[in-house]
Amino acid sequence: MIEEASINVNGLMKGDENAFQALFIDYYSVLVSFAMKYLEDQETAEDIVQDVFVKIWETREKLGGIDNLSAYLYQMVRFRSFNYLRAEKVRQDATKFFTEELEETEVNEYIKNETFRIVMQTLEDLPPGSRNVFSRAIQGYSAKEIADELGIAVETVKKQKQVARRILKEKLGNLFSLFFLVG
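In case it helps, the UniProt record's numbering puts the sequence shown at residues 1 to 183.
What the hints contain is simulated information worked out from the structure, not anything from laboratory work. It cannot be assumed that every hint is accurate.
Stated by the list, open to error - The calculated lysine-lysine pairs, modelled on DSSO-like cross-linking and capped at a C-alpha distance of 27 Å, are: (1) K62 x K14; (2) K55 x K89; (3) K171 x K159; (4) K144 x K159; (5) K37 x K55.
Being a predicted model, the structure only gives us computed values, none of them experimental.
Please model the entire structure based on the sequences and the hints provided.
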């Protein structure tokens, strides 16, 4: 450990760049090694130590109130390393949460689109008469209105709806009751 006597605190407080440079040269590499005890990334450790030195320079006028500048430097590096690790954990947790949320949303969107595609394809596969009647029925038209519009008997409308329901129930299974509650 470097002796406290070698630090020119008065020179630092007065803005002496030579005193700051001597402090930087004496402490930079040992503080980076110290930071590496907490961090696993050399570049991050170097960034944290550089930030500490910037903070020391910016607040140099207040250094007179610090009893042991050497211990203070180590304490700042440790504190900033812990803050970095805490922030990194929060960032990773948030990223994991949003990734999982996004994946779930994408899966739900895929299921919705695929279900809609299957239902529409099944409707298209109905015989033309049943398809015409059933598509109008799901739009809310009554059997009488459909019969009048298509020029067929109400009994024919009912029969075509019955055929359509049977085919859709066979092909769609439980999806039928989710999508079609046509009376």
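Here's how the hints hold up against the structure:
no., hint, result
1, K62 x K14, "holds (10 Å)"
2, K55 x K89, "holds (24 Å)"
3, K171 x K159, "holds (19 Å)"
4, K144 x K159, "holds (13 Å)"
5, K37 x K55, "holds (21 Å)"
Against the hints set out earlier in the document, no violation occurs for any number.
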